[in-house]
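*Asks:* The sequence shown begins at 22 in our numbering and counts up one residue at a time.
Bear in mind the hints are in silico, worked out from the structure with no lab data behind them.
C-beta: ideal position from N, C-alpha, C; glycine also.
Watch out, some of these pointers could steer you wrong.
Quick list of the computed label-pair ranges, beta carbon to beta carbon [to be verified]:
#  : residue 1 : residue 2 : range
1  : Arg75     : Ala124    : 30 to 36 Å
2  : Ser101    : Ala178    : 16 to 22 Å
3  : Pro138    : Thr189    : 31 to 37 Å
4  : Lys67     : Ser101    : 26 to 32 Å
5  : Pro138    : Glu184    : 31 to 37 Å
6  : Tyr102    : Ala178    : 15 to 21 Å
7  : Thr189    : Val70     : 14 to 20 Å
8  : Leu86     : Leu112    : 21 to 27 Å
9  : Glu164    : Val70     : 20 to 26 Å
10 : Lys107    : Ile148    : 22 to 28 Å
11 : Asp78     : Arg180    : 16 to 22 Å
12 : Val70     : Phe182    : 53 to 59 Å
No more than 25 Å apart at the CA atoms, straight line, and that leaves these computed lysine-lysine pairs for DSS-like [to be verified]:
#  : residue 1 : residue 2
13 : Lys107    : Lys176
14 : Lys107    : Lys170
15 : Lys67     : Lys170
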Amino acid sequence: MQFFTPRPSFAQRLSPHAKAVLSCTQKSLPISRVHQFSTSRKVDAKNQVYASVRNLDQFHTYQLLSASSRTPLLTLWTASYCPTCKVVEPLLRELVESGVGEAEGGVGYCEVEYDAPDVMSSGLGMIYMINALPTLLSFDAQEAQVETKVTDARKMANRQFLEEWIRTEARRHGNRGG
22 MQFFTPRPSF AQRLSPHAKA VLSCTQKSLP ISRVHQFSTS RKVDAKNQVY
72 ASVRNLDQFH TYQLLSASSR TPLLTLWTAS YCPTCKVVEP LLRELVESGV
122 GEAEGGVGYC EVEYDAPDVM SSGLGMIYMI NALPTLLSFD AQEAQVETKV
172 TDARKMANRQ FLEEWIRTEA RRHGNRGG
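Start from the sequences and build out the full structure, keeping to the hints where you can.
*Replies:* Right, dumping it as structure tokens:
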């Protein structure tokens with residue numbers, strides 16, 4: 022009658038020198054310095070001013086760019102026949118270009134031409150309940166922030182109000198809240 026003798030395990034078959042090397046590598050070694058690895062360097066936030074939106078594709082592209090950079094997208098809804106819009110748009114553009122909101126994380130900005138044929142036919146204004154012109158509406162992570170929507174033209178003509186509104190929106194950082 023022949024009995025089966027088990028083969029020696031891997032560790033049992035090693036030479037004494039190999040066992041010593043293996044035991045050294047299994048010990049945890051002290052780490053003298055911790056390195057943080059990154060594929061890109063940290064860059065300060067900059068405000069981004071986009072071209073006027075005249076179709077649905079442009080609008081969605083700007084929303085995606087804003088969401089991917091974790092910055093809110095500020096939209097000013099205007100029309101060619103709106104005299105108040107012609108006063109508010111240069112003021113808001115100047116504030117964004119001058120860097121208001123960059124210290125808080127930066128913003129993206131675009132003007133949505135509500136009376137452009139493609140914007141009108143797509144129903145974009147109806148989707149976001151644009152019922153007055155001009156209207157300021159912020160998007161964070163592609164979601165409209167209707168609680169901070171501004172339709173009062175007197176407020177939009179006030180430089181201090183606009184600066185504070187831009188800073189408040191910039192603090193969102195893609196977190197969908199104020």
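*Asks:* Against this structure, judge whether each hint is valid.
*Replies:* Results of checking the hints against the structure:
1. Checked against the hint of 30 to 36 Å, the pair Arg75 and Ala124 passes, with Cβ atoms roughly 32 Å apart.
2. At roughly 19 Å, the beta carbons of Ser101 and Ala178 sit within the given window of 16 to 22 Å.
3. Roughly 34 Å separates the CB atoms of Pro138 and Thr189, a value that falls within the hinted 31 to 37 Å.
4. For the pair Lys67 and Ser101, the supplied restraint of 26 to 32 Å holds, since their beta-carbon distance comes to about 30 Å.
5. Against the hinted window of 31 to 37 Å, the Cβ-Cβ separation of Pro138 and Glu184 comes to about 34 Å, which satisfies the hint.
6. Hint check: Tyr102 to Ala178, Cβ distance near 18 Å, so the stated range 15 to 21 Å holds.
7. Range check, Thr189 to Val70: about 19 Å between beta-carbon atoms, so the 14 to 20 Å window is met.
8. Taking the beta carbon of each, Leu86 and Leu112 are about 24 Å apart, inside 21 to 27 Å as hinted.
9. Between Glu164 and Val70 the CB atoms are about 21 Å apart, so this pair conforms to the stated range of 20 to 26 Å.
10. Taken as a hint, the range 22 to 28 Å holds for the pair Lys107 and Ile148, whose Cβ atoms sit roughly 25 Å apart.
11. Between Asp78 and Arg180, the C-beta spacing of about 33 Å breaks the proposed range 16 to 22 Å.
12. Under the hint 53 to 59 Å, the C-beta atoms of Val70 and Phe182, about 20 Å apart, miss the expected range.
13. Taking the CA atoms of Lys107 and Lys176, the gap is about 15 Å. The hint holds against a cut of 25 Å.
14. Between Lys107 and Lys170 the alpha-carbon distance is near 19 Å, which keeps this suggested pair within the 25 Å criterion.
15. Under the criterion of a C-alpha separation no larger than 25 Å, the hint pairing Lys67 with Lys170 is consistent with the structure, at around 23 Å.
Violated hints, in rising order: 11, 12; the structure is consistent with all others.
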